[in-house]
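Visitor: Take the given structure of chain A and dock chain B to it, following the hints.
Here's the letter readout for the chains.
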Amino acid sequence: MDGSLVTAKDLVFDYPTKRALFDINLEIPRHGITALVGPNGAGKTTLIRCLVGLAEPFSGAVAFKGNVVADDPRAAHRAMGYLPDFYELYDDLSVRACLEHGAEMRGIPRAEARLRAERSAERLGIADRLDHKVSSLSRGLTQRAAIARAIIHEPEFLVLDEPAAGLDPDARLNLSALFRQLRDDGMTLLVSSHILAELEDYCTHMVVIRAGRVVDLVDARPDRDRRRLVIVTAEPTEKLTEVLQRHDGIDEFVVSGSEARLTLSGGDASQWALLRELVEAGVPVIRFRDLEDRLQDTYRRAVAGSEAAS
Amino acid sequence: MNPEFRRLLLSEFQGYRLIALPVVLAGTFIVAYLANGRELDTGTAFVAVLAYFALVFIWGTRQAAESVVQEINAKTWDPQRMSSMSAWGMAWAKLFGSTSLTWVGGAVCLVFYAVSNVETWGRAATLNAVVLYAGAGLLAQAVCLLVSLTAIQRRREFGRVRMLSYQFLGLLAALPPLYIGMSVTGGEGVMDLMRWYGQYVTLARFMMVAMLAFGFWALAGNWALMRAELQEPLGPWLWLGFVVFAMALVGGVRTLPMGANAALVLIDVPSTPEMVLGCGLALVYLALMLEPKGRVRLRRLAGRLAARDIAAALKLAPRSLLAVPVVAIGVTAAAVGTRDYTAAQAVALHPMLAAWLLFALRDIGFVYWLCLGRRDGRGEGVAAVVLLLAYGAVPATLNPESLAPLSALFAPVMPTSSGTALRIWSIAAPALELLCVGWLLSRRWRRAAQPPNGS
Numbered sequence: 001m002d003g004s005l006v007t008a009k010d011l012v013f014d015y016p017t018k019r020a021l022f023d024i025n026l027e028i029p030r031h032g033i034t035a036l037v038g039p040n041g042a043g044k045t046t047l048i049r050c051l052v053g054l055a056e057p058f059s060g061a062v063a064f065k066g067n068v069v070a071d072d073p074r075a076a077h078r079a080m081g082y083l084p085d086f087y088e089l090y091d092d093l094s095v096r097a098c099l100e101h102g103a104e105m106r107g108i109p110r111a112e113a114r115l116r117a118e119r120s121a122e123r124l125g126i127a128d129r130l131d132h133k134v135s136s137l138s139r140g141l142t143q144r145a146a147i148a149r150a151i152i153h154e155p156e157f158l159v160l161d162e163p164a165a166g167l168d169p170d171a172r173l174n175l176s177a178l179f180r181q182l183r184d185d186g187m188t189l190l191v192s193s194h195i196l197a198e199l200e201d202y203c204t205h206m207v208v209i210r211a212g213r214v215v216d217l218v219d220a221r222p223d224r225d226r227r228r229l230v231i232v233t234a235e236p237t238e239k240l241t242e243v244l245q246r247h248d249g250i251d252e253f254v255v256s257g258s259e260a261r262l263t264l265s266g267g268d269a270s271q272w273a274l275l276r277e278l279v280e281a282g283v284p285v286i287r288f289r290d291l292e293d294r295l296q297d298t299y300r301r302a303v304a305g306s307e308a309a310s
Numbered sequence: 001m002n003p004e005f006r007r008l009l010l011s012e013f014q015g016y017r018l019i020a021l022p023v024v025l026a027g028t029f030i031v032a033y034l035a036n037g038r039e040l041d042t043g044t045a046f047v048a049v050l051a052y053f054a055l056v057f058i059w060g061t062r063q064a065a066e067s068v069v070q071e072i073n074a075k076t077w078d079p080q081r082m083s084s085m086s087a088w089g090m091a092w093a094k095l096f097g098s099t100s101l102t103w104v105g106g107a108v109c110l111v112f113y114a115v116s117n118v119e120t121w122g123r124a125a126t127l128n129a130v131v132l133y134a135g136a137g138l139l140a141q142a143v144c145l146l147v148s149l150t151a152i153q154r155r156r157e158f159g160r161v162r163m164l165s166y167q168f169l170g171l172l173a174a175l176p177p178l179y180i181g182m183s184v185t186g187g188e189g190v191m192d193l194m195r196w197y198g199q200y201v202t203l204a205r206f207m208m209v210a211m212l213a214f215g216f217w218a219l220a221g222n223w224a225l226m227r228a229e230l231q232e233p234l235g236p237w238l239w240l241g242f243v244v245f246a247m248a249l250v251g252g253v254r255t256l257p258m259g260a261n262a263a264l265v266l267i268d269v270p271s272t273p274e275m276v277l278g279c280g281l282a283l284v285y286l287a288l289m290l291e292p293k294g295r296v297r298l299r300r301l302a303g304r305l306a307a308r309d310i311a312a313a314l315k316l317a318p319r320s321l322l323a324v325p326v327v328a329i330g331v332t333a334a335a336v337g338t339r340d341y342t343a344a345q346a347v348a349l350h351p352m353l354a355a356w357l358l359f360a361l362r363d364i365g366f367v368y369w370l371c372l373g374r375r376d377g378r379g380e381g382v383a384a385v386v387l388l389l390a391y392g393a394v395p396a397t398l399n400p401e402s403l404a405p406l407s408a409l410f411a412p413v414m415p416t417s418s419g420t421a422l423r424i425w426s427i428a429a430p431a432l433e434l435l436c437v438g439w440l441l442s443r444r445w446r447r448a449a450q451p452p453n454g455s
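The listed protein sequences correspond, in order, to chains A and B.
For the first sequence, my numbering begins at 1 and goes up steadily by one.
For the second sequence, my numbering begins at 1 and goes up steadily by one.
Quick caveat, the hints were computed from the structure, so don't treat them as lab data.
It cannot be assumed that every hint is accurate.
Mimicking DSS-like on lysine-lysine, the simulated pairs with C-alpha atoms at most 25 Å apart in a straight line are [stated by the list, open to error]:
#1 A:K65 <-> A:K9
#2 A:K133 <-> B:K293
#3 B:K315 <-> A:K133
#4 B:K293 <-> B:K315
#5 A:K18 <-> B:K75
In isolation and in its complexed conformation, chain A is listed as follows (with noise of 0.2 Å):
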């Protein structure tokens, strides 16, 4: 696929006695967030690892830009930033320390290691903390400081496994939004979880792996054009069937007493039609509402067709 930065054919990666991936086939779409998602011990992390060129798989390839990852791994790692599950930072040194380390350590002069530092720590709002300890901060803040490390270099492709681990609801939802903005600044994420609740609200693609295997990839993007909703009545009447049956744009549906769900195309002028029409058919309507297709609902259809199929 032209539009993905990362691909992933056939991997294999064993450990001693167990097989932890079996033929991983995959595609990391460029300039979006990629949810990584399964239960624990699935091998996310050990997927991880492989996409970003810190384990050798056993058999297979990771391309990234098209370039084998193992032919040359740290020509690749130029490009990546990479922040592990439970990750320390250096305590001792202040945020400003190790953020400048973090930029010489990518190969970034000295003096525009300085720039950097300030520009990331501005871009997650921790400048005001550039010349506190490490250790003096709150884990959220630990959390954006182990982040503009990770991005001191401007990778092209950002990889964060479990990134929420640990924080509290205020710090998960900036979370979210840096990164939005991280990929609206033109970076790829990568981003794991099993929390899916946390990867709502910015996921734009998800790939499912269970016990070692990817059972789905999916667009996670809502489809603006086509909506579920649910709309309920004051009381049961047949007048609300005869609409749905008649209204262009609706793909299918189900009555069941006073409340019908149905499948909608057309967008909100499609919407707004077929509740002008049920009021004018008199039908007593009390609710109308989207019915949002959820992560989890995805992560469950997912899990259950693998399921099924095996």
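Guide: Below, chain B alone, put in the same frame as chain A:
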């Protein structure tokens, strides 16, 4: 400046350490000076050396061994591996950065030592001793880092006991020069002369040069292992070069002083090829115990061999196995180059060499067989016990010459009076054992080579 070195300096030189180190050292030296009757002599020098040992050999080796391991435990190592740092830059930064504070303290101790000692020993001998102590410290720390870098090829979890064992190995490497440094106190004595490739040198000088050379090899080893960590693994050439160097160094020794100070006597080294063989085999077994033997690595090696990708296969090949032919060549070269080697000795050498190499190959197979069968990672430990029994206890109980045929099953037997039959058997026995171990290993490998089928 190397950014990793700067970070380590920032980490080391801060907080209470900056105050504690000068206070403790100053206190120690003042007390020693006062207790010594306000005299600076060998008494205060001894205290300075003790302080130096504590700083450089105890604290410093710990720091060196933990420099990378701590990063692995803190999960900061993977981002480091993704950095643009060169392997050499990373290796020296880790070695000298993590131990920088201990070296500052150690340098102060050595200055105090030199000032205390110079009147008694004179300048040359004092300087000699200072260089020896500094070199031994560097060697110990470099070996500690080397051992920990070797270990992280096999595991990513480390406890305190394991770290202590790495420290112990580093200290063990520095023990010979330290021993010499502390016993040959005169430095330039006449009695401690030794002969090396026809040249007479003092043992102290020889040990110092050898120590510096081994220090160089330890640094080179750190560089090579760091390359592997940074995913630029080298082939086996550096390792094989080291094997050749060590055998050449040992092969040149003709006479050695034994004992200490006034009791020193010169003894002739029994036979150069045997010395070379002993040195080479020691390195083979060292590599055998330390090298990674994971089945995934071996499967990968088998894959590379099947694909005839020799360069990639050599990077994965067991270093112990690759060293065996080098040892054989080295011993043969030593035998050819030894002028005073008699014809009878030359005739006896080849069966002995063949027997030892066959035993070494058997043991390599045996250790891999054990390691492939155990999932607790204790294969080497079990193998070490079994081999110690096989080479030590069993032949000792089968000592009489009449039991030599039986003894040949456990260790090389050098027939003295018996005829050709025993000579042939001394080679045939390990050859048969090698075949048996090879058969067992191939059976176990057939199972291990199968990819695991999931959780």
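Visitor: Run every hint past the structure and note whether it holds.
Guide: Structure-based check of all given hints:
no.	hint	in the structure
1	A:K65 <-> A:K9	14 Å, holds
2	A:K133 <-> B:K293	42 Å, violated
3	B:K315 <-> A:K133	42 Å, violated
4	B:K293 <-> B:K315	13 Å, holds
5	A:K18 <-> B:K75	23 Å, holds
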